[in-house]
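Participant: Sequence:
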Amino acid sequence: MRIAVIGVNQGLGLVLSRLIAEKGHTVYAAHLGKTPAEVSEAAKRFPGYKPVEFDVTNEAMAETAAGIISRDGGGLDALVTVAGILTDSDRTRLITEADIGDLRKALEINTVGAAIVIKHFHGLVKDGGKFIAVTSEAGSLTNIGEKYPGYSVSKAAQNKLTAIFAKTVSRYAVYALHPGRMNTVMGRNDAQIEPEESAEGIYKIISGEKKPPANTWFINYRGEAMEI
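Residue numbering for the sequence shown is 745 to 972, as defined by our numbering.
If you're looking for bench data, these hints aren't it; they were derived computationally from the structure. Treat the hints with care, as some may be off.
As the list claims (entries may be wrong) - Computed list of lysine to aspartate or glutamate pairs in EDC-like fashion (alpha-carbon distance at most 16 Å, straight line):
| no. | residue 1 | residue 2 |
| --- | --- | --- |
| 1 | Lys891 | Asp832 |
| 2 | Lys891 | Glu953 |
| 3 | Lys954 | Glu941 |
| 4 | Lys778 | Glu797 |
Sequences and hints are given; from them, build the entire structure.
Facilitator: See the structure below:
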């Protein structure tokens with residue numbers, strides 16, 4: 745398989761991209777800024793691990809990255825976009841105390857960035873393939889709490905964006921995916937699982953070993969339907 749993972753600098757994106765390469769597949773590992781040491785190491789270890797620089801907020805870079813992938817061998821069997829942010833202020837402040845600059849940053853990366861990925865990468869996915877946007881249970885409109893308000897708002901918007909996209913395309917499956925509460929830099933406060941468990945689950949969805957319920961676009965890493 746040929747798979748792109750967007751957002752591999754750390755955490756789930758890094759673990760998932762390495763897992764895909766370990767399974768013997770080609771993976772385009774889209775990273776932000778200078779190539780991280782872990783990404784360079786994976787590229788040396790696995791012939792099919794191909795780093796690609798990409799900032800999800802930059803349309804010109806999106807077009808360039810998509811072109812690199814297309815010219816390297818054509819379509820993708822799956823695309824997984826993991827890139828996202830949870831700001832430090834959002835960890836401690838209620839919505840009534842929000843840092844509006846950080847709220848804008850969350851929307852720019854988590855929502856607008858996701859729209860840029862859809863715009864420039866949707867055509868790379870093959871018929872019958874999969875487009876997976878890693879969002880969050882925090883984006884549910886029925887599962888609401890006071891924590892992480894800016895992140896939650898941006899992820900709710902990303903979920904809606906993904907749902908619209910799922911209605912827009914019919915030649916491959918589109919999912920918004922809750923990856924679980926992982927022990928990563930982003931999820932350290934509420935961790936329940938390691939990113940390796942989430943990555944294994946996502947890989948099973950990509951490979952077809954695990955099939956989500958029909959007519960469902962919001963799922964978790966186990967392939968189970970999530971509360972919208």
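Participant: Tell me the numbers of any earlier hints that the structure contravenes, in ascending order.
Facilitator: Those not satisfied come down to hint 2.
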